[in-house]
Structure formats: structure tokens, C-alpha cells
Amino acid sequence: MARTSSGDDARNDVAASASKQKKPKKRRWYHQLWDVYKMTRKQNPLVTWWMLASFIGVVAVALLIGVLTGPWVYALVIGVPFGVLAAMFVLSRSAEKAAYTQIAGQPGAARAALGTVRGGWTFEDEPVAVDARNQDFVFRGVGKAGVVLVSEGPPHRATRLLDQERKKVSRILSNVPVTLIQCGDGEGQVPLTKLARAVTRLKSTLTRAEVAEISKRLKAIGGVKLPIPKGIDPTRARPDRKGMRGR
1 MARTSSGDDA
11 RNDVAASASK
21 QKKPKKRRWY
31 HQLWDVYKMT
41 RKQNPLVTWW
51 MLASFIGVVA
61 VALLIGVLTG
71 PWVYALVIGV
81 PFGVLAAMFV
91 LSRSAEKAAY
101 TQIAGQPGAA
111 RAALGTVRGG
121 WTFEDEPVAV
131 DARNQDFVFR
141 GVGKAGVVLV
151 SEGPPHRATR
161 LLDQERKKVS
171 RILSNVPVTL
181 IQCGDGEGQV
191 PLTKLARAVT
201 RLKSTLTRAE
211 VAEISKRLKA
221 IGGVKLPIPK
231 GIDPTRARPD
241 RKGMRGR
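Numbering (full-length UniProt numbering), first residue to last: 1 to 247.
Hint data in this document are derived by calculation from the structure and do not stem from the laboratory. Only a predicted model underlies this, so the values are computations on that prediction, with no experimental measurement involved. Be aware that a few hints might be false.
In silico DSSO-like cross-links for lysine-lysine, where the CA-CA straight-line distance does not exceed 27 Å [to be verified]:
1. 168 - 203
2. 194 - 38
3. 203 - 97
4. 167 - 97
5. 144 - 219
6. 167 - 144
7. 219 - 167
8. 168 - 97
9. 168 - 144
10. 167 - 203
11. 203 - 144
12. 216 - 203
13. 194 - 42
14. 216 - 167
15. 168 - 219
16. 216 - 144
17. 97 - 42
18. 144 - 194
19. 219 - 203
20. 97 - 216
Pair ranges (Cβ atoms, derived) [claimed, not checked]:
21. 156 - 45: 34 to 40 Å
22. 104 - 156: 34 to 40 Å
23. 125 - 193: 19 to 25 Å
Just so it is clear, CB atoms sit at the ideal spot from N, CA and C, and this is done for glycine as well.
Generate coordinates for the entire structure from the input sequences, incorporating the hints supplied.
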């Protein structure tokens, strides 16, 4: 009996320790804020000084107003929270720019930037046109401004891809506005950091019901289809041994 009891206790201890290991450590909001700060400081070492300057500047202005108009203590109580808010604003803008810097030049960077667009816009996860040789892409989105096609790649190659996709969309949606945007650093292109803003500034011309109908029609076009025969799983395909022997 003693051996059985000790064995049960050992198993219970092992189960308890395993449950403790599986339980993920809860992350607070300040942990996430610290991670954002470290990532931003890695890309922009001056972010700390910019945050301090914004905080001190707002508090100094609040103190000056308090000295001129009334008790400076009340101005300090009001100025400190606004100073913290100004520092957080600087951090958020710097973090956004640092995030764009990290993904700039990578395939699919435009789609990552388009993921921040709000206001009823929806973008497909996969590109609708691909130049596999040069890694150029075209992404498609639908919103109240119509259909927007966003390209990745140099202007001379992106123009061809955009025109092909525009013609494809116009055959199905003849009366829907189609906007072409080239994302990049070349002449006439929209920088990655300003891509989301360029989309949100497009003028709304459609209703929500029309946007839903357009999305349904565009599903008929589909995206990029790889040249893989139907019914064949490329991960399980086996070579033809007779063909390899020349039979």
C-alpha cells in the first residue's frame, strides 16, 4: 500500500508540473509596449530622445500656461498625462515606420501594408497576378471606391501586369471604377509608408450592397492558379519507373 501511495503521489507531481509548463505565461500590455519600443529603437536609436523631447515640451507648455493664468500645480497635473500621450504618439508613428522599414523590399510587403487599411476595404491574401521570374505581384482590393489594383515591382514591369489585370476586371465589371496603384520608390510610384493612406483617400462612389455584389463577381476571376494537374498531390507524386527505364 505504501508503494502504491508513493507512486500515485509521484504521478500527481509529474502531472502538476506538466500542467504548469503547458500554461502560457500571461503577457501584460506593458510587455507588448516594451517589445514595440525595443523593435523601434533597433531601427531608430533616436526614438528615445524624440519621446523625451515631446514629453518635456508638452509639460513645459502646460507649466508656462499655468504660471501665466493660474496655479501652476494644476497645469502640471494636466500637462503630465498629455506629455505621456505625446510620447506614445511619437512611439506609435516611429514604430509604424520601423515596421515598414523591416518589410521593405520583401515580396508581399505591399499586401502587409494594405492589411492596415480600414473603412470597409477588403484585400485578397493571395496576389491576382504574378511574374514568377522577377517576383512582381498585383494585389486586388474592393471597397466603396471600387476596385483597386496594387502592384509590386519596377514601373516598366508593373505597368504591364496592372494593365492585364485591369482588362480582366473590366470585362466582368464594366461600370465599376478601377484604380491602379504602383507601390515602390520609383518615379510615379507610391512609397510603402504611404500606400494605406493612398487607398483610404480614394473617393467613395459605391454603396455597401454594391461592394458585396462586386466581391461575389470577382470570385469568378479567382487568383493565381499554379500549373498543377488536377487530382495529383505534388507532395505524394511518384516517378514513373517504366518511363525512367525507357520503356
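For the pair supplied as a hint, residue 167 and residue 144, is the alpha-carbon distance within the 27 Å limit? Holds, because 20 Å separates the two Cα atoms, which is no more than 27 Å.
Compare the distance between the alpha carbons of residue 97 and residue 216 with 27 Å, and conclude whether the hinted pair is satisfied. The given pair, whose Cα atoms are some 35 Å apart, is violated under the 27 Å limit.
Holds or violated: residue 194 with residue 38, Cα cutoff 27 Å? Holds - the C-alpha atoms of residue 38 and residue 194 are around 24 Å apart, at most 27 Å.
Compare the distance between the alpha carbons of residue 168 and residue 144 with 27 Å, and conclude whether the hinted pair is satisfied. holds (20 Å)
Pair hint outcome, residue 167 versus residue 203 [Cα-Cα no greater than 27 Å]: holds (22 Å)
Agreement of residue 203 and residue 97 with the hint, judged by alpha carbon distance not exceeding 27 Å: holds (26 Å)
Proposed proximity, residue 97 with residue 167 (alpha carbon, max 27 Å): violated (34 Å)
Regarding the pair residue 219 and residue 203, is the alpha-carbon distance no greater than 27 Å? holds (24 Å)
Quick check: does the Cβ-Cβ distance between residue 156 and residue 45 fall within 34 to 40 Å? With a Cβ separation near 37 Å, residue 156 and residue 45 satisfy 34 to 40 Å, so the hint holds.
For the pair supplied as a hint, residue 216 and residue 167, confirm whether the alpha-carbon distance does not exceed 27 Å. holds (18 Å)
When you check the alpha-carbon spacing of residue 203 and residue 144, does it fall within 27 Å? With Cα atoms ~8 Å apart, residue 203 and residue 144 stay inside 27 Å; holds.
Holds or violated: residue 216 with residue 203, Cα cutoff 27 Å? holds (22 Å)
In terms of the numbered hints stated before, the structure departs from hints 4, 8, 20 and 22, listed from lowest to highest.
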